[in-house]
Amino acid sequence: MSLLQIKNLHAKAEGQEILKGIDLTIDEGEVHSIMGPNGSGKSTLAQVLARRENYEVNAGEITYAGKNLLDMKPEEAACEGVFLAFQYPAEIPGITNAYFLRSALNAIRKYRGLDEIDAMDFLPLLREKAKLLDMDEKLMNRSVNESFSGGEKKRNEILQMAVLEPRLAILDETDSGLDIDAVRTVARGVNAMRSPRRAMIVVTHYQRLLNHIVPDFVHVLVGGRIVRSGGPELALELEEKGYGELELAGSAEV
Amino acid sequence: MNAIVQEQLGRYISAFDDFRKIAAGTALPWLTKLREDAFAQFAETGFPTPNVEDWRFTSVAPIAKTKFRLAEQLRTRELLALRDQVESCRIPGAAARMVFVNGHFAPEFSSLSCLPPGVFAVNLATQIAEKPQHLEPHLGRYLKIKRDPFCALNTAFMEDGAFLHIGRGRVLEAPVHLLLISVGGDVPLMNHPRNLVLAEEGAELTVVEEFLSLGDTTVFCNAATELVAGEGAVVSHYRIEQGNCGLFQISTLRIQQDKSANVSSHSVLLGGALVRNNVHPVLAGEGGVCLINGLFLGREREHVDNYMLVEHASAHCESRQFYHGILDDQAHGVFHGRIIVHKDAQKTDAKQTNRNLLLSDNAQIDTKPQLEIFADDVKCTHGATIGQIEENALFYLRARGIDELSARRLLLEAFANECLDRMKEGPARAHAAELIRAHIRRMATTAKKYREAQPETERVSHWEEFQ
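If you're matching them up, the sequences are chains H and B in order. Position in the first sequence counted from 1, then plus 1, gives you the working numbering. Position in the second sequence counted from 1, then plus 16, gives you the working numbering.
One should not assume that every hint holds.
Pairs of lysine-lysine residues, derived as DSBU-like cross-links and limited to a Cα-Cα distance of at most 30 Å, are as follows [to be verified]:
(1) B:K440 with H:K139
(2) B:K367 with B:K384
(3) B:K367 with H:K139
FYI, nobody ran anything at the bench for these hints, they're computed from the structure.
Same shape as in the complex, but just chain H (with noise of 0.2 Å):
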């Protein structure tokens, strides 16, 4: 059974149609790139699967792990093991990275019926979890994302989507405004967390992100539809040709 079935699935963000009619289905274990221009809807696509209410979905439907993704909140969805990877992380000052980080483990960990971890248990977790990613220990007692460069940020959510361990993690943008350094720490994260029993959706909008998170499956999205899926091949093709063509294709047939 696939982990996510998209069907037909249409959205809107006041009163303007964004996705017009997604068909997608992934399978646990596989990484799907999502590749598109700007204002293709991309984004709005993560943050319709993050259940973010600002999106009104007026068609289609979305099954996550056999269950109803557009019913539930997007703490439910966060606690069922949706996981989205913040193209802009909020900034939150007064709270601190780990606090925050541990307060969201044990909101899912309480959903499952675990035991809460307590800070001197979560310490060495958090620690593992900061050094494969090249963070500095102190970026943990400083308020979340506050005075955080853009790398940091994103490997902040990196590093929360380590600790947190979703089945089905979604990467918007992580590697936009990143120098190559930070793109191959954060590649390496991702890559860390491939699993056969975790699927990822990378969403970008430059292949380069690719050379280091190999995908197994490409899909191009234009205005709001798929237009094209193939294999990890086809991120280079866009990336020799540009979207000019594709762009034509997905007008045309609107």
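Could you slot chain B onto chain H? The hints should help.
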């Protein structure tokens, strides 16, 4: 002056007539003069109206119209009935505790025996009766009765409160806890506690002034504290205020700072029908540093007014004001931050920040900076923000598995933590943190927006969960 106010003034006159016959220290001419001058001042000006600039956003009509009687000392039996509530307010690790009920010292609940040498604490009425000469140079010398009718009223009726004195170079790390309780009676009652804190040269002291009202009846607590920090003294003052819907709480802290003295004022205001918090430091010696830190939380129809008056009277002093407000329902908050830099106070460095979170469309905040600068080489900045809980931050927390209610609570706590972080680690901060957390939990649970966002059926299930 209208008829109601006239009638009430008559009540104050007869209350004062009765008071001065029986009050401690009637035989002391200096004290009698202080009281009588202050009462004359009050009688002349009456209660302030919103036409007075300092009271523009706060109407004290509910106080002016109510027929208050000066609260008498409770009988032992009545006092003992309060024991459980008084005990629940203990600060673990405090050096000493003085409890006042309706403005009168309650030795039954107080413990002063563990104070180290050089630290002296007694209730003001006893000090007036036994050694008034130690009070005379300071009591009433700093508080300006002309500026504020409530200060005049407090001075007219001053008799009891705390007198703390810490000697030269002495350091007391554990806080001294002053617990001032107002209890209602059959008729509306008022009390006017007065505290005097003297920290001599190089001394270090932490004082927690905690105001609490019990019961739902109408009470008017009009407190004033004079805090004198000698050269190089380091003093932390906490004002914690927790009231219910019948409480009118006016409190004034007047700080006098000598050369290089370092004073922190932390205010934590957790509600009451009408709360006015005056903090008035005067940096009177070079190199003084003053931190004025505050958090005020209001809900329902509460009104919380913070009036800061920071006077830079000497050169090379630094003042920092940080006030955070969280307001829900129809609560109304005020932050009035006035900074006066006197002519000779060159190289003054004064900063003021007021940040506010409004949790409901009907909550209101008035924030007003007021800088009066008479020196020419100074650095003064001010800023204010008003906002709501950030939807992005809320979604971020929820997307990590934290339910909406907890996420809101976390964000409110985060906002409050910025104030807590300015307090020094220790029993006083821990006590403040615990009260703030409990209050925020209540606020988050009852937040209107949260209730509105939930469909009817879910609202019921959530309610049961939190019972």
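For this session: Go through the numbered hints given earlier and state which of them the structure violates, listing their numbers in rising order.
Result: Going through the list in order, the structure violates no hint and respects every one.
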